[in-house]
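Residues per chain are reported as follows:
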Amino acid sequence: MYKILKKEEIGNNVYSMEIYAPEIAKNAKAGQFIIFRIEDKGERVPLTVAGIDVDKGSVRIIFQVVGKSTLQLSLLAQGDVIKDFVGPLGHPTEIKKYGVFVAVAGGVGAAEVLPVVKELKKVGNKIVTIIGARSKDLIILEEELKEVSDELLFATNDGTYGLKGFVTDVLKNVIVKEKVDVVYAIGPIPMMKAVSDLTKGKSIKTIVSLNPIMLDGTGMCGACRVTVDNKTRFACVDGPEFDGHSIAWKELSLRLGLYKNLEKVSLDIFSYNMECKCHTK
Amino acid sequence: MSHKIKMPQRDPQIRKKDFKQVNIGYTKEEMLLEAKRCLQCKTPMCVKGCSVEINIPGFIKCLLEDKPKAAIEVLNQKTSLPAVCGRVCPQENQCEKNCVLEIKNESIAIGNLERYAADVTANDKDENVCIKKNNVKIAVIGSGPAGLTCGGGLLKQGYDVTVFESLHNTGGVLRYGIPEFRLPKEVLDIELNKLKNLGMKFVLNTLIGRTKTVQDLFEEGFKAIFIAVGAGLPIFPNLPGENLNHIYCANEFLVRVNLMRSYDFPNYDTPVYKGKNVVVVGGGNTAMDSARTAIRLGAESVKLIYRRSESEMPARLEERIHAKEEGIEFVILTKPIKFIGDEKGFVKAVECVKVELTEPDKSGRRNPKALGGSNYILETDMVILALGLNPNPILTSLTRALKTDAKGHVLCDETYMTSLAGVFAGGDIVGGTTVISAMGMGKQAAKNIIHYLTK
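Protein chains in written order, with our numbering: chain A, 627 to 907; chain B, 52 to 506.
Everything labelled a hint here was simulated from the structure, so no lab data went into it.
Check the hints yourself; a few may be wrong.
Claimed, not checked - With a straight-line Cα cutoff of 27 Å, these simulated DSS-like cross-link-like pairs (lysine-lysine) come out:
{"hint": "1", "chain 1": "B", "residue 1": "Lys327", "chain 2": "A", "residue 2": "Lys667"}
{"hint": "2", "chain 1": "A", "residue 1": "Lys667", "chain 2": "A", "residue 2": "Lys747"}
{"hint": "3", "chain 1": "A", "residue 1": "Lys709", "chain 2": "B", "residue 2": "Lys386"}
{"hint": "4", "chain 1": "B", "residue 1": "Lys327", "chain 2": "B", "residue 2": "Lys386"}
The following block holds chain B by itself, in its conformation from the complex (with noise of 0.2 Å):
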């Protein structure tokens, strides 16, 4: 059997320095070779494995046909955003894990094939779109994975769909939270494009709660409301000294960058600090995106610190093999319990300790112990905490009667409709925690959504 055709990537050495992609995406012929691999099972395993549920083997083929443009219409028939799903997914959980072939270790490369069908017909027009308008109106609030998903759902079926942003720039978590070099802003902008022509309307700095409630667009005419307002309020480790200068949350660490553009200070008027010695806290994608963008805002070193062990880490292997090759340093088994600050309130050593894990508790999960007397001292000049999120808080809490959990999230039944009639939600507000969960929320909210409006 022939093996998995390997995703193109730059030198390390090289893309550490600037904020390009990392990975090149395949030639035609690499590609060729790797449609040609796929089993075209008559019960694809794949697709159960798929929160949006892609015909997966159907685009493929296509793809071995040489066809990439009927390729992106299967695909488009499931998704909106198949260049980002291409490039985020954790396709090693989702679809990959439960191909056939992933027994031998050598499933498809099915994002890579997905992102390939993307980006060659990228600047294609779009065609044959002629969709029947049925004048009903659908508000989505926040313009991330899981608006745009179910937003774009929503369209597709003639629906007028208007999508209300609270920031100066829309894609939510995927504008100002995944790095350039995982996802370029040119791919996102295509992709939101596409919907922009397909109509679906896009109004910015508009805080739903705040500039206006949920109560005010129903009387503004909108049938149904899809609430998908993301994570809020970080995480702080509630450890000494966690408020000096230069410790930053990733999500601010991450905003200036990605979405203020502060790698191009003073070019563009945000500031950020370039730390020299960087500590960053976390396991996640998140913490090895904030560690990347460091390395790359020219940081001499940088330590990624985990209390459990590699294994453990909620981060993408490939992410985690990309942050290695990049020179990030893996400290795992150990977590801070102090953060030390000079005369002028910088931070400038994190006291760490040691910690071994437990045996596994009734969730399964071993939990870390500090070691006594385990402790020393890192230097650094800045770290970055990325420790997870709340949900935002704005939203519910100015939302009269819209029932949340006790952590703050909308709870919904199971076709995704909250506590108000005609108020669905879905995304990390409800408790998703990543761009493919929140993507199949959208889209079962979607449906949802057009059978509580036609019923």
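Isolated chain A (complex conformation) (with noise of 0.2 Å):
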């Protein structure tokens, strides 16, 4: 078992929890991941790392509600339980100095960009972040990127924060300013793919984090398979990271889809059986 020591709401329906799990704590890495089951019949749920502290032997994570495991998990409270937490899995972000680095995060990747920029920074690195969102109020983490970045930029596509439009339109005027050494992206698919396209042309190399379907995580299943330079790699342990210009995007993006259909009626059941249901006939 392992404890929630602590749970805040960070954003829209965006948590943040603090997971007492201290042999993790001790060995991850920015840029690992771990995988969290909640009780008997829960699934296995990659998540990447989002902070590490040692001293209280907490790692934590930051997750948005999409579907039935990351509802049930946002439903527990601090003190509360969770069945099983393994990690740290992956390889870690190559921490060293490259010049400048540029890191693009969308949504909730954010939150997994975190810990990677806070390692470079460290080393020597002048950080630049681009955040995007929908909208302003799906911001998150902005005081603790700012901390570690040396430029904070944002992109939004109703423009409520920072520059009305995508994370590739703040990236292109980067790119323009000064030379940049490394990208890295992490975030949709399709953001993931637009930033690697824009950085092909200019031959910037490009680091992407990927979070196909995992299962067990420890390179047994074959499940999170995906087309790096046309072969087959697996991204629980070649990965997660790799090169955003020999990813085969539209396969990735289509596996993605697999069980849509099956995770909607699984997230409605629990969600209905949530409902109170005293008053109807």
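Make the complex out of the two chains shown on their own, each in a separate frame, by following the hints.
And the structure:
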């Protein structure tokens, strides 16, 4: 059992939790992920590590409520426990001096990029962080990101914060202004693809962190396979970070939709059972 | 001479609709008739065929006297998993193959008898369990058949055994791989509980290499380590379209159904696609398990494609017979060359080609050669690839100075010790392929670990 030490709603339907898992906290590094399972009938869900506190023995996760498991997790309170929590999984981000490092995150991807830029900043990189969201109220972690970025820029679809448009529009401006050594993208697939397409033309090294469907997360099942450089690779053991210019994006996007209908069934049943029925006939 | 007593089975038409056990098990009368056939050879050849050297005539003699408790004690001296072995060991290639009665095709049904002894004593309390503990800590990495056997052997010699498992439940392939209808989880749990009662400790959700390292284990005071992390990375055929939706690797399909219980979705959260016209590629036990699981999930047709002929299939004869009884169609001397998808990226057909077998090569195996112009299309909405696995790379790549071969198997000396002192390995990670070969290695490794620690 793994205890929830702290829970906070940090955005619209976005939650931050600190889970007590001292062994994972001791060994987890930026860029890695964990898998949680709430209870015996639960599914295994991968989430990128959003922070580590070795002294408290805790691992921070940040998630948006999108399906049954994230909804169920969001309903738990500080002090509650979850059944399973395993990690750290996947390769950590390579922390070294790249020069100018531009981190691009979409939506809840901001949480995942936070520990990465934090570590890269420590070793002397210039960090430019670009956060994209549909509108201002969906932007999370602004203060924490500001602390670890030399520049923090925003793009919103409706123009309520930062530039009106997409993260790629902001990225274009950054690239014009200075020599960018590495671009790191994490978020929805269309966003990561758009970033990779943009940087490919300019030959800028681009790392993307993928989140395909996973099951065991330890290299056993092949569910998370993705075509990289025309070869089948496994995001859980070969990744989750890959060269953004070598990914078969269309295939990855189609594979992510595999269980869409069944996931909805699961969410609908759970939501229905949650409703109070005392007054219905 | 009396004939071998057949294992009673459930009707294929009924059993293919549920996940309950196919083989029912001997009644007492059937057990006695079968046990009576054993010649009680002075020099029993059957024992030589057993990887864990069970005193086979010994336990059969106890059964013949209708003393199952005494029989299980004989079994327990050498194995910790008799109910599992009685079900999933390929006895026909091991002990039963060596039985002198096999000349007349009437070998003793040793596996069925082993299962009987384990099943009728399953709920007995373990008496006389009085092991003198020596407080020497041993770490076993992986709770599959190799790990449990090695750990069980050490436990019975007084060692303090802790088993680390990366998944959220124990048993390894016995739980996530082998389906309920061949090995009920309840049977597995009984054997695991016996090990727990003997003092075996299990630590779940711990991926050695990532959560902590082999070096950390030594620092925690473990005196020897047995690596039994099993197979990992599934092999894909490297064919166009292999990553289309509803193309599963057998491991994913079986993990979803067996470990995550997706056959009971949405009661359980993990979904699985239930194909109507399923194509399984491969000829091993995993392919049979996948095909038979697919039919139980409601498939209208299941075709099993294999590139050699049936006699070359690695799957056990019993599994092949069971599969065919349940309506699995074998399409032999055929291999897929391309997977075709619809506009949404879901598989809709497999392009196959007929093959013929060449003359045996140096290793004696006849290899498939495609026949030009024999291409044809099989329509399908789900493909399950059961083409084998490569060793799991996580622990080996994260353990400094642990030597592996080119494929990633851990290299061992004849005592199963790896390139690191005090670190032993066995099972699929060193190149084993079956449950029993894994158990055999676990058994030998346990002996060698004791020798290493006491020399």
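Against the structure, the hints come out as follows:
Proposed proximity of Lys327/B and Lys667/A is supported: the alpha carbons are some 26 Å apart, at most 27 Å. A threshold of 27 Å between alpha carbons decides the hint, and for Lys667/A with Lys747/A the separation of about 41 Å lies outside it, so the pair is violated. For the suggested pair Lys709/A and Lys386/B, the alpha carbons sit about 43 Å apart, so the restraint of at most 27 Å is broken. Taking the CA atoms of Lys327/B and Lys386/B, the gap is about 21 Å. The hint holds against a cut of 27 Å.
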